[in-house]
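Trainee: Work the whole structure out from these sequences, hints included.
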Amino acid sequence: MDKSDFVAFMGPSGSGKTTLLNLLGGLDVPTRGNITVAGDEITHMSGHKLTEWRARHVGFVFQMYNLIPVLTAFQNVELPLLLTKLSKAQRRNHVETALGVVGLADRMSHYPRQLSGGQEQRVAIARAIVADPTFLLCDEPTGDLDRQSADEIMALIERLVREYGKTVLMVTHDPVVARRAGTTLHLEKGVLVESAEPERVAAGGRHEI
Amino acid sequence: MKFRRLIFANLFRKKIRLLLTIGSFAVALFLFSFLAVVRDAFSRGADIASADRLFVINRTSIINPIPLSYRDKMLRIPGVKMVTHDNWFGGVYQDEKNFFPQFVVDPENQRQVFPELIVSDEEWANFLKDRQGAIVGVRTAERFGWKIGDRIPLKATIWGAGNWEFNIDGFYHGKRPQDDETQFWMQWDFFQEHVPDALKGQVGWYIVRVDSPDDAVRVAKNIDAEFANSPFETKTETESAFAASWVKQFGNIRFLILSIGTVVFFTLLLVTGNTMAISVRERTAELAVFKAIGYSDRKVLFFVLAESLAIAIVGGLLGLLLAGLAIPVLANALNGMLPQLVLAPSVFALGFMTALAVGLASGLLPGLGAMRLQIVNALRRI
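Chains A and B supply the protein sequences, listed in that same order. This note's numbering numbers the first residue of the first sequence as 64 and each following residue consecutively. This note's numbering numbers the first residue of the second sequence as 30 and each following residue consecutively.
Please note that a few of the clues may not be correct.
As the list claims (entries may be wrong) - Simulated pairs of lysine to aspartate or glutamate, EDC-like, Cα-Cα distance not exceeding 20 Å:
#, chain 1, residue 1, chain 2, residue 2
1, A, Lys112, B, Asp326
2, B, Lys176, B, Glu152
3, B, Lys31, A, Glu159
4, B, Lys31, B, Asp243
5, B, Lys277, B, Asp69
6, B, Lys328, A, Glu115
7, B, Lys110, B, Glu137
8, B, Lys31, A, Glu115
Think of the hints as simulated: they come from the structure by calculation, not from any bench. Just so you know, these numbers come straight off a predicted model, no measurement behind them.
Mentor: Put into structure tokens, the structure is as follows:
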């Protein structure tokens, strides 16, 4: 896939969608084969190198938002930046920009418990993009949201791809959500079986993951 | 430090649990300080003993007397610089609860043999002129509100009966904070006038000052050899050994206190270790997120250790502060039943270091668990 692609992975439970996402994000290691992401061969990276690589290249969005409940929205979004050498003022600037992009500039000092599910997920997205990663990995980003909130989140992700050139890989069960992606790949038992853009699937139609 | 806010936010996540854990540290450190102070008080005699002083007692027991005539014989032994003697008076002031040590001293040599106990020249001169005079340690004087010129009755319990009356001629204070400032000194001559004839000319023990501490052991042997096979054989020890054997009469205080202290800290370690383990387990998913977004294993370990150390520091300092406030009150309440209780800087430092060690140890296992956490497995547990 190319830069600024928006790819959705669909498939039944146990098909390997999340495993694929974890492998691409350097959270898990394959039993065999190699993984090259954004030019980096990550399969044999040491734990420390892989951690640094994740911090630089990957933004994660989880189904359950996974915000830190004792930190405000601002502080949650600031977390990835604490690992950088940015000054306090620069960090503030970045966080305000990220929260502005997701439309929560007025909720910076709110704690997660003071936000709706949709707002929490938007804070999580702000946290994922604040360090300007190479790509975003979204694992069921709308799985815990009502339809309206899910639409808002998907609109936000589309905007990140369209306006900010982000590359997004998303796992979802929801066909409505998957249709918002530029490409939809179907997985079954760890095997890529179908693509919504046939020309992008190599000849043979089946790719073992 | 940019992670300070994060560490504090996590600390205050469960306020009641935090308070209880800090309270455990505070109580343990308070108890530790008190036990250490008691241990210090018992062993202080040995700790502050002068290396050039020897104590000579009757070989049978300290309650058996030694003749006054031994003084001159001791002075002839090479290496002996000066000799003084004491008797235990053991009187009661108003009520038996008002205990303080009372000694019959030899005014000629008392100040030279115990130079660390300071009496002004003027007060000492008044004491020498007054056969019923007394010199009192400042702590005892403060305790009973005594002033110079006050007349103090002591009811005799060992040396006959009835009240013996003394005039306060002066006060002494110690050069060092650990010095005993509770003693009451009275004159040998006055004592001799009032004891029954059969007890005259007998001292409780001698204190010998030697020319050089290096000679102490040799001189001690020579003193005992001098009086071997006499009706009053002697046992001579350095002041330090004498003080240590005195403490042994109360049992193995050191072992007792060490045992209690160990149990207290081991319990504290289990309590705080359990608390930290629960705290980390509750945050498994959060820790996985930290690692996913780029926090290294070491940083995760650092966060857990920083939390347990912060609890240990706050709780430890609180306990030591409480001890600092309570020990003088307890010392007064005990009315001299225990030797002077002083929270020495070394006890404070040892308590603080122990708190840090417990804090570190209690956070280590949960921290290592958090460090080794597999992100994928942890996220799957949500």
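Trainee: Next step is simple, just say for each hint if it's right about the structure.
Mentor: Here's how the hints hold up against the structure:
1. Simply put, A:Lys112 and B:Asp326 have alpha-carbon atoms about 12 Å apart, close enough for the 20 Å limit, and the pair holds.
2. A threshold of 20 Å between alpha carbons decides the hint, and for B:Lys176 with B:Glu152 the separation of about 12 Å falls inside it, so the pair holds.
3. For the proposed pair B:Lys31 and A:Glu159, the alpha carbon gap of about 18 Å is at most 20 Å, so the pair holds.
4. Between the alpha carbons of B:Lys31 and B:Asp243 the distance comes to roughly 59 Å, so the proposed pair goes past 20 Å and is violated.
5. Taking the CA atoms of B:Lys277 and B:Asp69, the gap is near 14 Å; set against the 20 Å cutoff, the hint holds.
6. At roughly 12 Å between alpha-carbon atoms, B:Lys328 and A:Glu115 fall within 20 Å of each other, so this suggested pair holds.
7. Of the supplied pair hints, the one linking B:Lys110 and B:Glu137 holds, its CA atoms being roughly 14 Å apart against a limit of 20 Å.
8. Distance restraint check for B:Lys31 and A:Glu115: the Cα-Cα separation of roughly 19 Å lies within the 20 Å cut-off, and the hinted pair is therefore satisfied.
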